[in-house]
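**Student:** Note that this note's numbering has the sequence shown beginning at 47, numbered continuously upward.
If you're looking for bench data, these hints aren't it; they were derived computationally from the structure. Wrong hints could be hidden among the right ones.
[As the list claims (entries may be wrong)] Listed next, the in silico SDA-like pairs over lysine to any residue satisfying Cα-Cα at most 20 Å (straight line):
1. Lys138 - Pro149
2. Lys138 - Asp127
3. Lys138 - Val91
4. Lys138 - Val116
5. Lys138 - Ala128
6. Lys138 - Arg88
7. Lys138 - Ala115
8. Lys138 - Asp148
9. Lys138 - Asp121
10. Lys138 - Met90
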Amino acid sequence: NPKPTRRFDPNCYIQLTYTLDSHDVAADRGDYLETLRSLSHRTMVVGITSDVLYPFHLSQELAAHMPAAVLHPIDSTHGHDAFLIEIEGLNKSIATWRRGGDPMDTRAQMQKLTLTPTPKDGTVGAKGDTQGGTQ
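Could you build the full structure based on these sequences and the hints that come with them?
**Tutor:** See below:
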């Protein structure tokens, strides 16, 4: 398995990180949470429970505030790269979702990761989440 630097130009990672960090879904639209609530299209939000680059509580926040969103948690110790390592299961879930089905029973997964509102700004986090969720 070749090292990532042999497969990809490191400058691509820099640009991708900048693009993701600087994207603002609410730009020129108003309040962030109101903007999320206005997005009525079907959305599958994928969040990795051990991701420190994009913490899981942010995926929960998106899914909680988008009316037609479903959260697909990947419970993995591989961090941000779990979507590459767990690709077979993720592909099956995406295919099921694209056919109109539920990619998985998120209720069973969410029993371990309970949504908890943060009073100040309405965001949510996972109990026990050290990446920014509330306790």
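**Student:** I'd like to know which numbered hints this structure contradicts. Please list them from smallest to largest.
**Tutor:** Nothing - there is no hint that the structure violates, so all of them hold.
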